[in-house]
Amino acid sequence: MRFLSIQLEIRGIYQVIKYLKFAVIGAAVAVSGFSASDAQASNPYSCSDTKYGSSYGTYSTCAGTNTQASTVTTSNAVLATASTAAAKLVSSRVSTALGGTGGVNVAANGFSASTGQSAGQSASPIGAWVSGSWSNIEDENVSTAFDGDVFSAMAGVDYRVTPKVVVGLSVGYEDLDIDTEYNGFGSLEGSLEGDGYTIAPYIGGEIAPNVTASLTLGYSDVEYDTLRYDPLTGAQITGNTDADRYFVNAAVGGEHMYDENWRIRGNASVFFATEEKDGFTEVVSDGSTVANSDQDNDFGQVALDAKIGYVFDMVEPYALVGVSYDFAKDEAPVAAGQSRSSLDDEDFAAKFGAGVDFNLGHNVTAGLEAYTVEFRDDYDEYTVSGGLRVEF
187 MRFLSIQLEI
197 RGIYQVIKYL
207 KFAVIGAAVA
217 VSGFSASDAQ
227 ASNPYSCSDT
237 KYGSSYGTYS
247 TCAGTNTQAS
257 TVTTSNAVLA
267 TASTAAAKLV
277 SSRVSTALGG
287 TGGVNVAANG
297 FSASTGQSAG
307 QSASPIGAWV
317 SGSWSNIEDE
327 NVSTAFDGDV
337 FSAMAGVDYR
347 VTPKVVVGLS
357 VGYEDLDIDT
367 EYNGFGSLEG
377 SLEGDGYTIA
387 PYIGGEIAPN
397 VTASLTLGYS
407 DVEYDTLRYD
417 PLTGAQITGN
427 TDADRYFVNA
437 AVGGEHMYDE
447 NWRIRGNASV
457 FFATEEKDGF
467 TEVVSDGSTV
477 ANSDQDNDFG
487 QVALDAKIGY
497 VFDMVEPYAL
507 VGVSYDFAKD
517 EAPVAAGQSR
527 SSLDDEDFAA
537 KFGAGVDFNL
547 GHNVTAGLEA
557 YTVEFRDDYD
567 EYTVSGGLRV
577 EF
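Positions 187 to 578 (the working numbering) are the ones given, in order, by the sequence shown.
It should be emphasised that the hints constitute simulated quantities derived from the structure, not laboratory data.
All values reported here derive from a predicted model rather than from experimental measurement.
All C-beta atoms, glycine included, are put in the ideal place defined by N, C-alpha and C.
Accuracy of the hints is not assured; some may be wrong.
[Unchecked claim] FRET-style restraints, in silico, Cβ to Cβ:
1. Phe538 to Ser373: 32 to 40 Å
2. Val470 to Ile494: 50 to 58 Å
3. Ala421 to Ala454: 44 to 52 Å
4. Pro387 to Ala454: 16 to 24 Å
5. Asp335 to Met443: 17 to 25 Å
Between the sequences and the hints, there should be enough to build the whole structure, so can you do that?
As structure tokens, this is what we get:
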């Protein structure tokens with residue numbers, strides 16, 4: 187029993203160190219002013235890298251991206267889309283639980299609908315919610331081309347420990363299905379399929395009138411199935427691997443009522459995630475095998491969103507605009523003469539969209555939102571999300 191206790195203590199210390207690592211990396215990048223590309227330049231992938239060199243055929247940059255497993259080139263897109271979706275679905279719960287001011291209350295997707303209660307005056311200390319998002323991602327760069335869908339669903343319960351502080355626990359599921367044209371053969375395309383489960387505790391509070399802050403920590407256990415084709419023979423090559431993903435998200439949001447019914451809202455967040463994929467063995471259709479080493483990926487992003495809406499009695503439609511900057515990410519290896527995906531090369535992006543929030547009465551709120559990510563060459567991303575919250 188004592189041995190088991192020591193093991194659990196060591197694992198707990200390990201997790202604490204991981205999250206401290208997130209904070210240190212984010213602070214270091216922000217203070218130094220380095221861009222993501224600057225940070226990557228100090229440790230680039232190359233054919234001389236023993237991890238991605240010719241000794242590992244799947245991860246070899248020498249033969250080009252068409253010899254890579256689907257977990258490699260898509261790693262940034264998957265990590266950025268799936269992990270940020272889960273984090274945003276959770277962090278928006280804090281604003282929902284704390285409510286708003288001026289006779290409005292934040293709705294199920296983290297934004298607002300009229301309730302007639304002011305912040306800190308909710309008669310319902312317990313809230314339960316469910317939210318989901320669907321994203322379509324497409325990379326049209328020839329060397330890294332892929333297209334697919336990422337679905338995330340989260341559900342949770344939170345409790346108001348004081349009029350201005352809430353704590354909660356959420357669980358979630360994600361599923362992704364991506365066609366990877368870059369490692370296909372003829373009309374056949376490779377693929378990456380994955381699913382996983384997430385657990386994420388969160389805490390938040392009202393730090394000033396009309397201003398809330400939140401902190402979310404999360405862990406996801408993900409399983410990937412890969413398919414590609416030998417670029418010379420067309421032989422089918424399959425594999426599967428597991429991954430551990432850790433993420434942290436800190437956010438500050440505020441709102442201001444203007445001219446009675448117009449409302450302006452803003453949200454600033456810092457997000458960091460790391461994913462550790464296990465080494466695995468691919469199996470070729472002729473019975474031979476290909477060894478793959480383990481693969482670690484980091485992704486960090488600072489984001490700023492603004493929304494303007496018009497509050498009716500039970501509905502608030504709104505428009506949204508946002509900008510983001512990727513301060514940490516890993517470049518997927520490419521061969522000489524091949525171009526990288528804009529997800530690797532470009533750090534800035536913007537998003538535009540719209541949404542609507544509903545007050546359904548009896549402490550029930552709901553919301554829908556849709557947006558598109560822009561200003562990334564040869565890359566498209568569309569997301570639709572929605573949620574429902576009930577207070578008891």
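To see whether the hints hold, each was checked on the structure:
{"no.": "1", "hint": "Phe538 to Ser373: 32 to 40 Å", "result": "holds, 35 Å"}
{"no.": "2", "hint": "Val470 to Ile494: 50 to 58 Å", "result": "holds, 55 Å"}
{"no.": "3", "hint": "Ala421 to Ala454: 44 to 52 Å", "result": "holds, 49 Å"}
{"no.": "4", "hint": "Pro387 to Ala454: 16 to 24 Å", "result": "holds, 21 Å"}
{"no.": "5", "hint": "Asp335 to Met443: 17 to 25 Å", "result": "violated, 38 Å"}
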